[in-house]
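Colleague: Spelled out, the chains give:
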Amino acid sequence: MKKLVLKGCLYFVFILVSLEVLVRVLHLYDDVPLLYIDDFGVQKTVPGQTGFAVTGNRRQNFAEYRINKFGYNSYREFKPSKEKIEIALIGDSFIEGFNQHYYNSTGKKVEDRLKDVEVYEYGRGGYDMADQLHLMQAYKKDFDLIDYVVIYIKFENDLQRSEYLPEYDYIALKHTLKFKVKRHIKLLKYANSIGLFDGFRDIRARLSTHKWSRKGKEINEDTRNKTYLENFRTLVKTFGFNKDKIVFLLDKRRTSNLFLNYCDEMGYTYLDFGMPFEKAKRPPILIYDKHWNNLGRTIVADVIADYFKARLNQD
Amino acid sequence: MVFNSLDYFIFLPTVFFVYWVILKKHWKAQNIFILICSYIFYGLWDWRFLSLILLSTLVDYFVGIQIHSTQEKSKRKGWLWVSVLFNVGLLGFFKYFNFFVDSWIDFASFFGYTIKSTWTLKVILPVGISFYTFQTMSYSFDIYYKRLKPTKDFLSFATFVSFFPQLVAGPIERASNLLSQILNKRNFDYAQVVSGLKLILWGLFKKVAIADAVAPIVDDIFANYTTYPASTLILGVTLFSFQVYGDFSGYSDIAIGTAKLFGVELMSNFKFPNFSRNVAEYWQRWHVSLSTWFRHYVYIPLGGSRVSKLKSIRNICIVFLVSGFWHGANWTFIFWGAFHALAFIPVFLMGRNTIYKNSVVGENSIFPSFVEIGQLILTFGIVTFSRIFFRSESITAAFGFINQIVSNFSYEIYYHPMGYRMIDYYILLALFVLYEYKIRKDERAPFKFKSGVVRFVAYTVVILLMMLFYDDGVDRSFIYFQF
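From first to last, the protein sequence lines are chains A and B.
FYI, in my numbering the residues of the first sequence are 124 to 438.
FYI, in my numbering the residues of the second sequence are 9 to 491.
Take these hints with a grain of salt, some might be off.
[What the hints assert, rightly or not] Mimicking DSS-like on lysine-lysine, the simulated pairs with C-alpha atoms at most 30 angstroms apart in a straight line are:
hint, chain 1, residue 1, chain 2, residue 2
1, B, LYS456, A, LYS126
2, A, LYS126, B, LYS458
3, A, LYS238, A, LYS192
4, B, LYS81, A, LYS126
5, B, LYS32, B, LYS81
6, A, LYS130, B, LYS193
7, A, LYS301, A, LYS413
8, A, LYS238, A, LYS277
9, A, LYS130, B, LYS33
10, A, LYS130, B, LYS449
11, B, LYS33, A, LYS125
12, B, LYS36, A, LYS125
13, A, LYS413, A, LYS375
14, B, LYS32, A, LYS126
15, A, LYS192, A, LYS312
16, B, LYS33, A, LYS126
17, B, LYS456, A, LYS125
18, B, LYS446, A, LYS130
19, B, LYS458, A, LYS130
[Unchecked claim] Stretch by stretch, here's where chain A covers chain B in the computed footprint (C-beta under 8 angstroms, at least three residues):
hint, stretch
20, 197 to 203
21, 460 to 474
Calculated from the structure, these hints are not laboratory results.
Don't be surprised by glycine CBs; every beta carbon is placed ideally from N, CA and C.
Based on the provided sequences and hints, a complete structural model is requested.
Modeller: So, in structure tokens, the structure goes:
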């Protein structure tokens, strides 16, 4: 028995080490860049980082990212000026675009369609409307020089709060020993990403589920939508909103009519990519993580470029 | 609890530790402990059906004693019938009742009579019922045929019936093998435990990296067969062949490996059936515990091949039809059995049904001969074709599938439903076939390498492949649980 335990432990350790090496050599793990909150209270990515975003067990999606000096994934540095025409693209992980090569982003595709226009992609996974409007206010000097702003909005996700509060606790959590260990042991990271630890979570969930646990209050859709719209109004009131400069990018199929009607009434412009997605002959999204694939990004870029072509009289 | 769950990976080492460390010197206590663990293992599915196991155990325990206690043939036969009727009755009620009622209604409607389906019941099929009822019946049969003496140790007998490694999907053990081991002291054997662990690893690989990996593709193709060309349908049924093999033989390997951890040797259930040179050899290599069960308790009592050719053919047909029906209450399985009978009979008539009994393909060479390659492809093709019936939801769907192959005989590239690269799967399966060919002479030693380093590399590669093809969205239960 002693021999079994001893040899078993030895094999276990050696196999883990070998797997760690293999996972690193084959780069099966996802390089998640470090986050921070800057002096203006904006949550963004530590500048200068490069790495590869990996999706799927077998690197089904593998793309390089590059964090610029401003703290966003882009092939460009952001240097707005009065002389050039700049468009800022603000949004969450869809704009951040870790699932694509940074040189093949939505912003780059827009640039390719428009003449003498620079597109700055301010994308960060998890950004909501509060983050987006706060960013514009925090870097007002820059955004005053930027000519147009496109804000990517997902109504059901992005209007759940009516004020901006930097998540210092969340960022601090990312610097704890537990996260550092997770970050440096690539095998752990890989196993977690493919769902090998879901069983532990299930067991934990089973243990923590008590029949006396309180049921969350169910909110009906109408009430929820009204709350989200109210949050939008509050945010606009707090941060201001230049309707001539800012347009929304959204999927009409997934946006409440309440919000769309409000935009129409109040003169907010929005660009819909839902219909072109519907008409696409091939799936415009990556099946395994639902982000836009190359076709999806091209469609979205076309929607934005068509709008600005008309607006800048470039046809 | 399933073998490929985290629960089992906590359960197994705990049971192993208590069994060998705490109860090491008390083999009877070990039996009781294994019995309790087996009931927990089963009860976590549905504790209500434990009563069926217990009933089946009680009936065959007493039947065994009664058969042995008398020499009067009619009484012995009578007691044997008690066992058969009880176990088949259990199966009939829980597995086939609705099938018979529905078939009767269909039959009546064929002649213009309409019968309302008020007799069908909402019965859940108890997991493993086909396996443990056959196992307990074999005990009574063996006592009846005087191959075995009954045990008076009820707890050990109950352990034999419910031994958790093989309780829910076999191998269907004979008392002469398993019960005799349970009735004797087991000694901790390092080599046996290590060999068990290797089998568990290999079984997991077959389940996770082969069966579960191709499952979404097979599901997609069979669900949408009307929209695909022949090339895709052939791909689907070929992958299903690998899926069902990986799933069931993987389960058996884990079962046999787990039993080894407790000092128990179970019979082999799969002997590389994909390397069979004719259908008869295939049945000597596929689900061995069931095919030998039918051979010993149905085919031979009917006269086997020691009767006229015509009667032998009748016996073959009976065995295959019953075997098909054993798999499930659906006409698809009966067709599947009938198809195998039709494929087996010519081999039998040519007297080639036992010629490969004691050899493997490429017996004395590294590579198989061209003739053998042809035989392997033909046998694999026949078996794979039969799986259209095995996998389809209904007879109509099975014939629809075949019709689609014939009527839309064209080629089109198939894309994975989740958008994954199909080439990954083709490479994996090719490597798997090659590796199985390499180890084809011993199904119980999947990592037989002289060099420790090579062995270590093999373990690492197998684990890595499991991670590369692990799909957390897949239903992880084993296909044969439904039987």
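Colleague: Would you mind marking each hint as holding or not holding in the structure?
Modeller: Do the hints match the structure? See the list:
1. B:LYS456 with A:LYS126: holds (20 angstroms)
2. A:LYS126 with B:LYS458: Holds, at about 20 angstroms.
3. A:LYS238 with A:LYS192: Answer holds: A:LYS238 to A:LYS192 is near 25 angstroms, not above 30 angstroms.
4. B:LYS81 with A:LYS126: violated (54 angstroms)
5. B:LYS32 with B:LYS81: Since the Cα atoms of B:LYS32 and B:LYS81 sit roughly 43 angstroms apart, the hinted pair is violated (cutoff 30 angstroms).
6. A:LYS130 with B:LYS193: Roughly 26 angstroms between the alpha carbons, so the hint for A:LYS130 and B:LYS193 holds.
7. A:LYS301 with A:LYS413: Status holds; Cα separation ~29 angstroms.
8. A:LYS238 with A:LYS277: holds (29 angstroms)
9. A:LYS130 with B:LYS33: At roughly 24 angstroms apart (the allowed maximum being 30 angstroms), B:LYS33 and A:LYS130 satisfy the hint.
10. A:LYS130 with B:LYS449: OK: A:LYS130 and B:LYS449 at ~27 angstroms, within 30 angstroms.
11. B:LYS33 with A:LYS125: holds (17 angstroms)
12. B:LYS36 with A:LYS125: This hinted pair holds, its Cα atoms lying about 24 angstroms apart.
13. A:LYS413 with A:LYS375: holds (17 angstroms)
14. B:LYS32 with A:LYS126: holds (16 angstroms)
15. A:LYS192 with A:LYS312: Since the Cα atoms of A:LYS192 and A:LYS312 sit roughly 27 angstroms apart, the hinted pair holds (cutoff 30 angstroms).
16. B:LYS33 with A:LYS126: Holds, because 19 angstroms separates the two Cα atoms, which is no more than 30 angstroms.
17. B:LYS456 with A:LYS125: holds (23 angstroms)
18. B:LYS446 with A:LYS130: Holds, at roughly 27 angstroms.
19. B:LYS458 with A:LYS130: holds (17 angstroms)
20. 197 to 203: Result for this restraint: holds, n = 3.
21. 460 to 474: Check passed, 5 qualifying residues.
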